[in-house]
Structure formats: C-alpha cells, structure tokens
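Assembly of the complex is requested from the two constituent chains, each provided in isolation within its own frame, with the hints serving as guidance.
Chains as they are written, first to last, in the working numbering: chain A, 11 to 182; chain B, 12 to 206.
One or more hints might be untrue.
Unchecked claim - Calculated lysine to aspartate or glutamate pairs in the DMTMM-like style (CA-CA distance at most 20 Å, straight line): (1) B:K200 / A:E163; (2) A:K81 / B:E205; (3) A:K81 / B:E174; (4) B:K196 / A:E163; (5) A:K81 / B:D74; (6) A:K81 / A:D149; (7) A:K81 / B:E206; (8) A:K81 / B:D192; (9) A:K81 / B:E201; (10) B:K20 / B:E174; (11) A:K52 / B:E98.
Unchecked claim - Residues of chain A clear of chain B, computed beta-carbon distances all greater than 12 Å: (12) D41; (13) Y48; (14) A53; (15) L75; (16) L92; (17) S94; (18) A138; (19) E147; (20) S148; (21) D151; (22) P153; (23) T156.
By construction, these hints were calculated from the structure, which means they are not laboratory data.
Please read these numbers as outputs of a predicted model, since none were measured by experiment.
Every residue, glycine too, gets a C-beta built ideally from N, C-alpha and C.
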Amino acid sequence: MNDAAVVALSPETVLGEMKKNGVTHVVWLPDSETNWLYLLMKAELSLRLVGVSREGHACSIAAGLSAGGAKPLILIQNTGMLESGDSLRGWLLGLNVPVVLMVGYRGWTRHGINQDSAATYTERFLMAFGINYYLVESDADAPRVTIAFEEAERTRRPVVVLVGDEYHGFNR
Amino acid sequence: MMHTADMLKAIAPYREEAIVVPGRGGRYWIDLTTRQNLDVPVGDPAMGGHAGFALGLALARPDKKVILFDSEGDILMSLGMLVTIAEQQPANFYHFLIDNGCYATTGGQPVPNADQVAYDVIARGAGYPRAFAFSELDQFSANLPDILNKPGPVFVAAKVVPEIENAPIGRRRRWQTRARDQVIKDLRKELGIEE
Numbered sequence: 011m012n013d014a015a016v017v018a019l020s021p022e023t024v025l026g027e028m029k030k031n032g033v034t035h036v037v038w039l040p041d042s043e044t045n046w047l048y049l050l051m052k053a054e055l056s057l058r059l060v061g062v063s064r065e066g067h068a069c070s071i072a073a074g075l076s077a078g079g080a081k082p083l084i085l086i087q088n089t090g091m092l093e094s095g096d097s098l099r100g101w102l103l104g105l106n107v108p109v110v111l112m113v114g115y116r117g118w119t120r121h122g123i124n125q126d127s128a129a130t131y132t133e134r135f136l137m138a139f140g141i142n143y144y145l146v147e148s149d150a151d152a153p154r155v156t157i158a159f160e161e162a163e164r165t166r167r168p169v170v171v172l173v174g175d176e177y178h179g180f181n182r
Numbered sequence: 012m013m014h015t016a017d018m019l020k021a022i023a024p025y026r027e028e029a030i031v032v033p034g035r036g037g038r039y040w041i042d043l044t045t046r047q048n049l050d051v052p053v054g055d056p057a058m059g060g061h062a063g064f065a066l067g068l069a070l071a072r073p074d075k076k077v078i079l080f081d082s083e084g085d086i087l088m089s090l091g092m093l094v095t096i097a098e099q100q101p102a103n104f105y106h107f108l109i110d111n112g113c114y115a116t117t118g119g120q121p122v123p124n125a126d127q128v129a130y131d132v133i134a135r136g137a138g139y140p141r142a143f144a145f146s147e148l149d150q151f152s153a154n155l156p157d158i159l160n161k162p163g164p165v166f167v168a169a170k171v172v173p174e175i176e177n178a179p180i181g182r183r184r185r186w187q188t189r190a191r192d193q194v195i196k197d198l199r200k201e202l203g204i205e206e
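Just chain B, same shape as in the assembly (with noise of 0.2 Å):
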C-alpha cells in the first residue's frame, strides 16, 4: 500500500499544463505544484462531486488535460457519474482514486464494503477505455507514463494507508491558501477566459 504524498510525487513530474482537481489530494498537491494558477482545490462544495466538476472542466477546456485526484467516499456516492464520463469520453480526463478504505476525515470508519470493492472494475463496467488498480507505489510509477501519455478517460484506482484525522475540524491545519472564488477567478484568468 502507498501513501498519498508519494503518489502525488510520483505524478508530479508529468502534470506539464494540466488543469489539477486536487480533491481529497489538496493537502499534499500543495506542496508539490509548480501551476499553482491551474490548481483548482475547491475544498469539499458538496460530497461526490468532484468528478462532475472535473468533467465539466475537461468538457469545457478540451485543449487541456485535466487530472482528478478523486477519493473512494466521494465516488461511492456518485457511481452513476462513471457512466456519463464514460459516455462523454473525454480524451483529456484522467481520473485518479485515492482510495483508503475509509473516512479519514470522520475517524476512520470504514466505507462500505471496503475490502471488497473493485474500483477499476466498476469504473471498465461503466465503460472506461482504461482503467488500472495499484497498491504499491513502484508498480503506480511505473505505469504512469503509459497511462498519462494515452489519451483518456483513463481511470486509476490507488490503495492508501489511511491517515485518519480525529482533531476537532476546527483545530486542523487548514492548508487552503485561497479562497474559492479565487481559485476559480485565477483559473479563469490562466485560460484567458473574460470575465
């Protein structure tokens, strides 16, 4: 199993000019982005959305990749989202699983059916081209260049270690640096859309 902060590194170098969703990767993405203008962290607007508002991005912006760093708590709540991606078939959409088994942020209590779940094959079923599991991190290095090299959708489920949170929301490290309005507008901005 591998940590997150090592898959986000391993991905780093490869990111080029894609447009980031850093979902529940934000903490760790932070420390590693050099595009900080093409970062989109919007925090958590509302769970199981973030491979929605990845796909709208990569709808919208076909000229651009756009990389999801999606986690298993938020998928599970939209399944059916797989199934427009792959409809849609982005070739720009490269969505990754941060898949820990649980809900990190709420204690650590486990998803359902946590070890029993086939992300990737879930993911193939609802009609992904490509679609790849990983739970050690030489073996996600390793294909990473065939994977963000091909054109997408492509979809890639990665088995974490839990790092479950149990302070009071209030006494986290909060590492967002902008607002979400600035985000958007900085991101706006960096495409060159008019306001």
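Extracted from the complex, chain A is given alone in its bound form (with noise of 0.2 Å):
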C-alpha cells in the first residue's frame, strides 16, 4: 500500500457518512474518479441516484427533493459547480435548501501551486457566492461531513464538501 493509499479518503467512508446523515436521493454527474463509489451507493437500497446530464439541474432537483421532505446530496465536480452558477443562485440560495454538494476538487494540490484553472477559481467562486465550505482529504477529516450537513441544516443553506482527494480516493 503506497501513501496515497494510506491517506486517502475512502468511498466506504463517504457513504458511511452519506448514510450517518440521513440522505434519501444522490442527484449526481460523474467525474472521472467516482465509479467505485458509485457501485457502492448503487448497491446500497437506502439511497436512490438521481443522475443528471449537466450539474447546473442537479440544484433544482435538490430544491424540489427538499421541500417535498427528502434530503438529498449533490455530488459533482468543481467543473461543474462553476457551470452551475445561475441554478445554485437561484434554486439552492433562493430557496433556502439545506443541502450538503460534495464538490471533487480538480487540480487541488496541498502546496498551492496547481496548473488547473478549474482550482484556481473553485475556492473564490464559493466566496463569491457567500458558500461555506470544508475540505476533506482522508478518512480523518470525515466528520467535516457531518459538520457540513449540520451547519446545512441549521443555516437553511448549501454546504460544500470540497473532496481534495479526488485523485486518488474514489478510485481503486
């Protein structure tokens, strides 16, 4: 088992805590490091998947699991969440949806130097839109999840999850 290995957080992690609090529906679109996690949450009979074709609908699905009294999960990547903008305005904001995106941070690096714009702008565009939001690397930092859904559920607000092992974890 190599480093990466060590450190990584885990897909069984992240369904744990998917499960921990409360989520009936994933409305998701997959990046390239999600599948493993997928045939997990495929497998498990608590969680229905709701797969979207452009993340910016993922919002006014959530918005509507919501108010009919379902807790759902947005996981899409940062590429996405950028795309986004107008519908997590208008559908997660405006309507005040307690909802936790875990969000895969492509191109994130731990030393801050990374070549990918889409990390440049991942962090600023959640400050511009007001967002609070954690970063989870490895299985140690998984209570940030619980804390993410939580400060949702108390805000009446989005929370995103950054997953800044995306590289790594999902995968196997």
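Structure (structure tokens):
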C-alpha cells in the first residue's frame, strides 16, 4: 500500500457519512474518479440515485426533493459547480435549501501551486457566492462531512464539501 | 391555437389533490386553484429549472401527483432534464409544456427554430413512455382524462397564443400573493412535513 492509499478518503467512508446523515437521494454527475463510489451507492438500498446530464440540473432537483421532505446530496465536480452558478444562486440559495454538495476538487494540490484553472477559481467562486465549505482529504477528515450537514440544516443554506483527494480516493 | 388561460381552465377540474408547479402559467393558475397550499409558485429562481424542481417533488412524494406547467423557453435551456425524468420514470409526474414559441416576457422574440420544434417527439426520444402535442383546445380537453388518469411520466406540449409583455418589469402586474419562503412552508405544512 502506498502513502496515497493510506491517507485516502475511501468511498466506504463517504457512503457511511451519507447514511449517517440520512441522505435519501444522491443527485449526481460522475467525474473521472467516482466509479467505485457509484458502485457502492448503487448497491445501497436506502439511496436513490438521480443522474443528471449537466450539473446545474442538480440544483433544481435538489430544491424539489428538499421541499417535498427528502434529504438530497449533490455529488459533482468543481468544473460542474462553476457551470452551475445561476442555478445554485436561484434554486439553492434563493429557496434556502439545506443541502450538502460534495464537490470533487479537480486540480487541487496541497502546496497551493496548481496548473488547472478549475482549481484556481473553485474557492474564489464559493467565496463570491458566500457559500461555506470544508475540505476533506482523507478518512480522518470525514467528521467534517457531518459538520457540513449540520450547518446546512442550521443555516438553511447549501454547504460545500470539497473533496481534495479526488485523484485517488474514489477509485481502486 | 389555444390560450394559456383556457388550457389551464381545462386542467383545473382534474387537479384533485395534486401538487401543482405552475411555472409560467402561474398568473392564470392563481385564479383557478382551489388548493393554494398545494401550489408551488416559486417564480423564476433560475430559468430552466422548473422541470427539475417538479421532478424533485415527484420523487420526494410518490404518493402525490405532481403537475408541472413548464414552458418551451425553460425546457430548451434544460433538454437534458427530459432524459433524467425519463430514466427516473416517476409514475406521478405530469409534464405540461406551454409553448408560445417566443420569449414573451422579454418582448416576444422567437425561441430558436420556434416553428419547427416538435417537443413531444423530443420527449418521446428522451424516453417518456407517453407524449402528446395539441394545438386546439377541444382536442386537448378531450384527451385530458386519459392523460391524467394513467400513470406518468407523461409529456404534453400545448401550442398557445403568445401574450407578449413589453411593459418595464417594475410596472407589470404582480400576481404572486405569497413570498417563496411562505410557498414552501405552506406546502410542507400541507404535506405534514415537520420543520
């Protein structure tokens, strides 16, 4: 096992956080690293997967799910989050939807020097929208996911969990 | 071609206990509804999202019919949503499209390829098991019992007369009587959802 595998955020941990926090629906669009998590979610009978073809769609679907009493989670990549700006503004912030978005942080590097503009603009985007966020890199960070769920409920706002380990955590 | 108000008037008697997302039909529906707390007029949070919002409601509440009055300008922004709805196959989802062929609230500019688009064909191609198109009120009205009494998802495109607004937004009639927060609160209370 290499160092990356030791510190990685495991898909089992992510699924465990979803179940612990009562998620009923995962509204999602796969990114390049989520296949193993997908297989786990698909096998989990307490979750319904709602696949979208563009990330902005996830915002209005989640708003409807929440209004109807369900507990959605949005699972997308940062590129898709950037594309979703107006839907995020109107459907999630505008309707005070208490939802957690788990966002794959493409391009993220711990040393802060990146070569991917998706990473460059991710946190700036969230700050511009006034959306709070937590970074998770490994299983040890998993409690932050629950913190995000609690904050979303308390504030009636979307809260983002940036998955900084996207490049090895979700695949095997 | 029918008028939006007449189209919605034809649907109203069949509404029963359904949740209604009135979308662009809201200003007419507000005069027709008998179950205001099951109406979800959220205005226009971000264009293109009404179908997704209604889908979310339908998935959250499979025990209730959900009727959506979508518009062609909205769905053109989110055609991929039709595929998601078709995959989910919500049996309680009734998707009506109000097609006036233009962006009426911005002065009536035509939507792209307005006269050539067959929205029912697009919906069927996306995987909706039932899809219809009507341009005349009598045919539309005659088919409503069959449309609404069978399981969804069903897609119904209705060609309507454009009612173009040119007045500055600040001078237009405000038909909304409840704020968005109140609309959601009323719905959740009606559905027995604890806050």
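Right, here's what the structure says about each hint:
Note on K200 of chain B and E163 of chain A: the hinted pairing holds, with a Cα-Cα distance of about 18 Å set against a maximum of 20 Å. In summary, the hint linking K81 of chain A to E205 of chain B is supported, as the alpha carbons are separated by about 13 Å, within the 20 Å threshold. Restraint check for K81 of chain A and E174 of chain B: the C-alpha separation of about 38 Å exceeds 20 Å, so the hint is violated. With a C-alpha separation of about 15 Å, the suggested pair K196 of chain B and E163 of chain A falls inside the 20 Å cut-off, and the hint holds.
Distance check on the hinted pair: K81 of chain A and D74 of chain B sit about 17 Å apart at the alpha-carbon level, within 20 Å; holds. Between the alpha carbons of K81 of chain A and D149 of chain A the distance comes to roughly 23 Å, so the proposed pair goes past 20 Å and is violated. Distance hint between K81 of chain A and E206 of chain B is fulfilled; the C-alpha atoms sit about 13 Å from each other, no more than 20 Å. A threshold of 20 Å between alpha carbons decides the hint, and for K81 of chain A with D192 of chain B the separation of about 18 Å falls inside it, so the pair holds.
The suggested pairing of K81 of chain A with E201 of chain B holds, with an alpha-carbon distance near 18 Å, which does not exceed 20 Å. Restraint check for K20 of chain B and E174 of chain B: satisfied, since their Cα atoms lie roughly 17 Å apart, inside the 20 Å limit. Pair hint K52 of chain A plus E98 of chain B holds up; C-alpha atoms about 15 Å apart against a cutoff of 20 Å. For D41 of chain A, the non-interface assignment is confirmed: its Cβ lies about 17 Å from the closest Cβ of chain B, beyond the 12 Å cut-off.
No Cβ of chain B approaches the Cβ of Y48 of chain A within 12 Å, the least distance being about 15 Å, so the stated non-interface status holds. With a cut of 12 Å on Cβ distances, A53 of chain A stays outside the contact zone with chain B, its closest approach being about 18 Å. With a minimum CB-CB distance of about 4 Å to chain B, L75 of chain A fails to clear the 12 Å threshold, and the non-interface call is violated. The claim that L92 of chain A is not at the interface with chain B holds, since no C-beta of that chain comes within 12 Å of its own (minimum 15 Å).
Listed as outside the interface, S94 of chain A is inconsistent with that label: its C-beta sits roughly 9 Å from the nearest C-beta of chain B, within the 12 Å cut-off. Against the 12 Å criterion, A138 of chain A stays outside the reach of chain B, whose nearest CB is about 16 Å from its own CB. Distance to chain B confirms E147 of chain A as a non-interface residue, since its nearest Cβ pair spans about 31 Å, more than 12 Å. In this structure S148 of chain A is separated from chain B by more than 12 Å, as the shortest Cβ-Cβ distance comes to about 32 Å.
In this structure D151 of chain A is separated from chain B by more than 12 Å, as the shortest Cβ-Cβ distance comes to about 29 Å. Distance to chain B confirms P153 of chain A as a non-interface residue, since its nearest Cβ pair spans about 26 Å, more than 12 Å. Listed as outside the interface, T156 of chain A is consistent with that label: its C-beta sits roughly 21 Å from the nearest C-beta of chain B, beyond the 12 Å cut-off.
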